[in-house]
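Assemble chain B onto chain A, guided by the hints.
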Amino acid sequence: MLWAITLTLAALSVPSISTLSGLSWPEQLPDPEVNLGLDLAGGSHILLEADPAEVGAQRLENMEEAVRDALRDAEPRIRHGDVRTGDDSLSFILNDISQVDAAREEILPDLSGPGLTQEWELSVEDGNRLVITATQAGLEEAVDNAMESATEVVRRRIDELGTREPTIIRQGDSRIVVQVPGLSDPQELKDLLGQTANLEFKMVAEPGAIGTEVIPYADTSDFPGQDVTVRRLGGLRGDRLTGAQAGVDPQDNQPVVNIQFDTQGGAIFADLSTRNTGRQFAIILDGEVLSTPVFREPILGGAAQISGGFTTESANALAIQLRSGALPVELTVIEERTVGPDLGADSIKRGTLAMGVGSLLVIVLMIAAYGRFGVYATIALVLNVMMLLGIMAFMNTTLTLPGIAGFVLTIGAAVDANVLINERIREERRKGRRVVAAVENGYREASRAIYDANITNFIAGVLLFMFGSGPIRGFAVVLIIGLFTSVFTAVVLTRMWVAGYLRAKRPTELTI
Amino acid sequence: MKLLKLVPENTNIKFLKLRIPFYVMSILLIIASWGLVFTQGLNYGVDFAGGQEITGTFTQSEQAPVAAIRENVTGLGYGEPIVQRFGEDNQVSIRVRLPESAVGDAAAANRIADEIIESVSGEFVDFQRDSVNTVSGKVSGEFWNTAMFALIAAMVAISLYIWIRFEWQFGVGALFALFHDVSLTLGMFALFQLEFSLQIIAAILAIIGYSLNDTIVVYDRIRENLKKFRKMELTALLDLSVNETLARTVMTSLTLLVALVPLLMFGPASLFGLVAAITLGIFVGTYSSVYMAAPILIWLGVDSDSFVPEETLADQQDKKARGEV
Chain A
615 MLWAITLTLA ALSVPSISTL SGLSWPEQLP DPEVNLGLDL AGGSHILLEA
665 DPAEVGAQRL ENMEEAVRDA LRDAEPRIRH GDVRTGDDSL SFILNDISQV
715 DAAREEILPD LSGPGLTQEW ELSVEDGNRL VITATQAGLE EAVDNAMESA
765 TEVVRRRIDE LGTREPTIIR QGDSRIVVQV PGLSDPQELK DLLGQTANLE
815 FKMVAEPGAI GTEVIPYADT SDFPGQDVTV RRLGGLRGDR LTGAQAGVDP
865 QDNQPVVNIQ FDTQGGAIFA DLSTRNTGRQ FAIILDGEVL STPVFREPIL
915 GGAAQISGGF TTESANALAI QLRSGALPVE LTVIEERTVG PDLGADSIKR
965 GTLAMGVGSL LVIVLMIAAY GRFGVYATIA LVLNVMMLLG IMAFMNTTLT
1015 LPGIAGFVLT IGAAVDANVL INERIREERR KGRRVVAAVE NGYREASRAI
1065 YDANITNFIA GVLLFMFGSG PIRGFAVVLI IGLFTSVFTA VVLTRMWVAG
1115 YLRAKRPTEL TI
Chain B
3 MKLLKLVPEN TNIKFLKLRI PFYVMSILLI IASWGLVFTQ GLNYGVDFAG
53 GQEITGTFTQ SEQAPVAAIR ENVTGLGYGE PIVQRFGEDN QVSIRVRLPE
103 SAVGDAAAAN RIADEIIESV SGEFVDFQRD SVNTVSGKVS GEFWNTAMFA
153 LIAAMVAISL YIWIRFEWQF GVGALFALFH DVSLTLGMFA LFQLEFSLQI
203 IAAILAIIGY SLNDTIVVYD RIRENLKKFR KMELTALLDL SVNETLARTV
253 MTSLTLLVAL VPLLMFGPAS LFGLVAAITL GIFVGTYSSV YMAAPILIWL
303 GVDSDSFVPE ETLADQQDKK ARGEV
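Respectively, the protein sequence lines represent chains A and B.
Just so you know, we're using our numbering here: the first sequence kicks off at 615 and counts up by one.
Just so you know, we're using our numbering here: the second sequence kicks off at 3 and counts up by one.
Keep in mind the hints are simulated off the structure, nothing from the lab.
Each residue gets a CB set at the ideal place from its N, CA and C atoms; glycine is no exception.
All the pointers check out, no bait thrown in.
Not everything, but these chain B residues come out facing chain A in the computed CB check (under 10 Å): (1) THR148; (2) ILE160; (3) MET253.
DSS-like, lysine-lysine: derived pairs with alpha carbons at most 27 Å apart: (4) LYS1045/A - LYS1119/A; (5) LYS230/B - LYS1045/A; (6) LYS233/B - LYS1045/A; (7) LYS7/B - LYS1045/A; (8) LYS16/B - LYS1045/A; (9) LYS7/B - LYS1119/A.
Coverage of chain A stretches by chain B, computed from C-beta distances (three or more under 8 Å per stretch; other residues unrestricted): (10) 946-953; (11) 958-965; (12) 980-992; (13) 1009-1019; (14) 1024-1036; (15) 1055-1063; (16) 1070-1078.
Same shape as in the complex, but just chain A (with noise of 0.2 Å):
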């Protein structure tokens, strides 16, 4: 029974031994095959963060959009002051005060939203002003959508870089974690992550007019350095897409990005301009002016050319960021740990060989010391290994390279149980005891011991886990799964062998 678990979970190993010995494993058998980390591996660890305050000021913002469409809209019309922004509320005054009940009806609809949760509360102060202002849980709502929306657009973008398997997971209230095994220059994706590509299409405005803003040009455009003035309302949105491309201007031969709009930014799109035919509008992106083109006739098709100083690969990048659609919030690279896989494996050679010379050296030292009880040792210390490593690969978790220090500390503890226990047997025949007795007397001793100090290290382990970050777990989890298998093979094992060994020869003396 104890040789077939012992056979089974060893049996595992092997699939990845051979891996890690740089041998290819068959492909119709199966394999559990222990994951190595980037570290091992090669690739790229890229922490991505949002900006919550972000997410409320682009909340707010299109709060007071849908606000000045409900008043606008009303009927009769209700009238009202600028409205002015802070931190997370926006106020305005109302011409008429006999209005409140019906500003106040109107605006109601858009203050819940799809959720059960109150995203907005509306009060009114001094009997004519009506301050809407974001709650909380509404906010934290808002942020956990944009991260989640975010998440798939992230996953999106790296999808179109055509990587293998990489692995997003959000993390925390606003981060998520982008693993991509074998990418060892992760320029093109921090580039492609680094916009939120949030393109918008505003109508230029003369300076200083009521409900303008003042936007730079691009570094890349046609005028650096300069601003233009646009309506800050009214125009449309790059969200509402349905393809774009990377292209050529056949006039000028200049890279662009051609762009299809969905049904209802067709529609917004030709009724824009269709309004303002002949007029200049601004191509707005992430902030940043990219051109500022004239109408020159109604554009009723629902499709529309972008340019702006693009090279081939800019627009080829901006193609696929509205593809796969603005991210919500910008995401900054807060922690990038990048390995090139010739690194990688280079250290799993140079780990493997060092385990290699460490394990022959305590073996020889085992067996110098304790004889037959060394050999059982050594066996128990191989199967130690091989249990490890085929638990690990089993479990699916994954092999770093402190986890490699992990496993040399394992050795170690699986061979001071031995010690303990052969010392405690040495010492019990040095008192006279006879040879059974000395035996039975030296494993129940020593077992107090290794147990105490393996509960201890279990608690450090788990700790350390759950603490730790990246590699350093994969250092605690070949701690945590190396002491059960150690109790296993150095107490279980050996002993299952020496009584073996006592019942068969029944040895009157013992070379220990």
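Below, chain B without anything else, positioned relative to chain A:
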């Protein structure tokens, strides 16, 4: 076959005779270590200081042009970089700490790394980057907090366990021994200005684990002897316990060393700090189990009565097993 015996049989070394000088020395060392940590400071790696660490290989050169790289990176104006050989002769690590002004700027670490790579690859055409680590100020702060929390939580949890399994004096003794090990390791890192990274936290936890292993083995023997020799004087009893476990202590330390030294010699360069810390810790940990954890029991007043409730039952079982009843 003649077997290897590293420690002669029945040693009777009076370890505890020198306990007071050794204790004084250890306490001075602990104070000196913390003094160093506070005056010299630890040489934080990018994990804790924030910043960027880039390693690379000069594929066409025998020797990496360390001085020229230093000059190149210094020219970027982000402060003094630490440029060192890393692994082979033609491999280097370039480490730049996050400038004070950029600690609050989440994107800075990554941007600066890109600049460094561009600048170095521009001057040295055969520079091939092997790894890039960038950590922003915010993330490094979090690493520091969680690492410290893990360390302190581990020490407290372990001491509690020892208290429950043994007696409160043993818990205090174990905690003190661990404090000694952690202090001296930190002191060593401050003295030699070795890079202090997340890996070193893992190493310290491994040292705690190992040192505790040793302490438990000695304590377990003390407990056993306390039950066995009710009338023996405590100092003599502690000496006996340490002597009885001496062969095991030496053998285990030696096996761990022979397992670790190859890793130190041919292992991956990025594991060097971790393995070196653990290797040093083996010496510190072994010493502290004998000279820190054991003598404190004398001062905290452990006596054979500490284990009376457990004793009778355990003794009976012992006797039964030996066939003495």
